[in-house]
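For chain Y, the structure is supplied; the task is to place chain W on it using the hints.
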Amino acid sequence: MSDSVIHVNNIRKTYGRTVAIDDVSLEVKRGEIFGLIGPNGAGKTTTLECVEGLRTPDRGRISVLGLDPFRQVRQLQDRIGVQLQAAQLQKRIKVWEAVDLWASLYTRHLNGDELLEQLGLTEKRNAWFMTLSGGQKQRLFIALALINDPELVFLDELTTGLDPQARRAIWDLVRGIRERGKTVFLTTHLMEEAERLCDRVAILDHGRIVDVDTPTRLVRRHCPERTIVLTTDDREADVSFQQLPQVDGVSRTNGDLSIRGRGDDLVTCVIQCLSERHIRVTDFRTINPTLEDVFLRLTGHSIRD
Amino acid sequence: MRGLLKLTWLEIKIFVREPLGVIGAIVIPVAVFVVLGRTLGGDAQPTPSENSFGDVGAPVFAALLILLTAVLSLVTVISIYREGGILKRLRATPLRPYTILTAQVIVKLLLMATTLGVMLLAGRRYYPIVKDVPVVAFTIALLISSVSVLAMGFVIASLVPTARFAQPLGAAILYPMVGLSGLFVPIHAMPPGLQAIAQVLPLTYAVSLLRGIWLGDPWLSHITDIGALLLSTIVCLVVSTKVFRWE
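Protein sequence lines, in the order shown, are assigned to chains Y and W. Numbers given in this note's numbering equal positions in the first sequence, counted from 1, plus 65. One point on numbering: in this note's numbering, the residue at position 240 of the second sequence is 231, and numbering is uninterrupted.
I should point out that these hints are in silico values taken from the structure, not numbers from a laboratory. Mixed in with the good hints, there may be bad ones.
Derived CB-CB ranges, DEER-like [claimed, not checked]:
#1 W:V13 to Y:P229: 40 to 48 angstroms
#2 W:P88 to Y:R327: 38 to 46 angstroms
#3 W:G15 to Y:R273: 49 to 57 angstroms
Ideal Cβ positions, reconstructed from N, Cα and C, are used throughout, including at glycine.
For reference, chain Y alone in the conformation it holds in the complex (with noise of 0.2 angstroms):
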């Protein structure tokens, strides 16, 4: 318990009739990367701007580094770091003065210069904000969600628009923020962000948390299935994996024989089999599931819908 730094116990939070919220519980360990995520319109960032202090839930509790975040919003904002998804600054605010106000509202702050420096912004230190692309303002938004020195710094949905390129050097400033020693909580609608990103992930669907645990235990957990594909021109091999325990059926299009089974074995299974039954095959891989079948299998919809 005392590792965790935000308690969130039960909260709910409406807007006239809809529920955004109902009853979400969860907790966040010091240090680690916490992913807050499910579809738009989920509850995600209704549920990150409770913890933040920007909305006051209907019901329940949340503790953030020991302070009510309703009750001591200032002394909590002064030691949380915020990105707010969707959100804009003055555009033709300049991005070192952008930098240097930031660091003037709190009651200790990093230096700014070495912290445009870190986040690659040094060059585009004079430009308007309205100037810079997507990618170059995400990380303006990093560099004032920092400039506080935080101990926890939540990101609401921060590559959402970005191409790939410029997600993945994002990705790799997020990680960058865990090794400083600080504590990430973050939301967002991809899964290939989640399972690279984040140590735990929380699965939100309407309102509700499905279940939370490490991507890697919830496609283990959920989603327990495995599939091989192997490339082969041996007719009789078929038959060799349909007599495997773990193999719960193969089907043959063209030249490619997938495998489908379950556990952890499937794989030593399936190799063993080969070298045993002198099987050639040009191609062998195997496909496991992702989050994405894990959300779609717990809420029975895809999160793109």
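Relative to the frame of chain Y, chain W by itself:
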């Protein structure tokens, strides 16, 4: 406090970087003042007949124009900042919510002061009666009026659905108030219904105060106007703490 000064200074710099804003807020009111002064007020003797637009109308109208430009600009800036999530981003810092808005008010007041200064300089040349008026008293009267109408700007800003509507909606609310303010048509010459509406609008009291002070009235004779403007300020501030939307 440090945050307020930094933010205010930054907002001034940002304002100056947009040429259109500067033209709209400073150049146009000054030009209108000079043109009006030359065509209507230039030859007129400052006789205290309250129906005549010519004697005091031009300076009061110019002052009102500066004020309305500032309020419309305030409403627009707040709508744009709200729509762009800038207000929300600032609120997620240790800055207090009212500090964020106070900075905007200070910027608008400084802008008005600049315009007024330029106007007085222009007036000395093109509009000789400016020499004989109580400039300091008039400035204070304008400040009292401004705070009141800017406070109303926060209520209007809460009504504006998106930034695109800020200018037209703001104008649609404010310009009829000018018509009812007694500047062009004396209040007592209006139909009773309109008179009643005029009585509750802060602009009516602002016009009465500005006109009186321009003509050299003592402050005491306008204590009702000042009281009404202060009351309106308080009401608008209380209402906006309830209805103001940050996002």
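Do the hints match the structure? See the list:
Separation of V13 of chain W from P229 of chain Y is about 42 angstroms and conforms to the stated range, judged on CB atoms against 40 to 48 angstroms. Our hint of 38 to 46 angstroms for P88 of chain W and R327 of chain Y is violated, since their Cβ atoms are close to 55 angstroms apart. Distance hint check: the CB atoms of G15 of chain W and R273 of chain Y are about 50 angstroms apart, consistent with the given range 49 to 57 angstroms.
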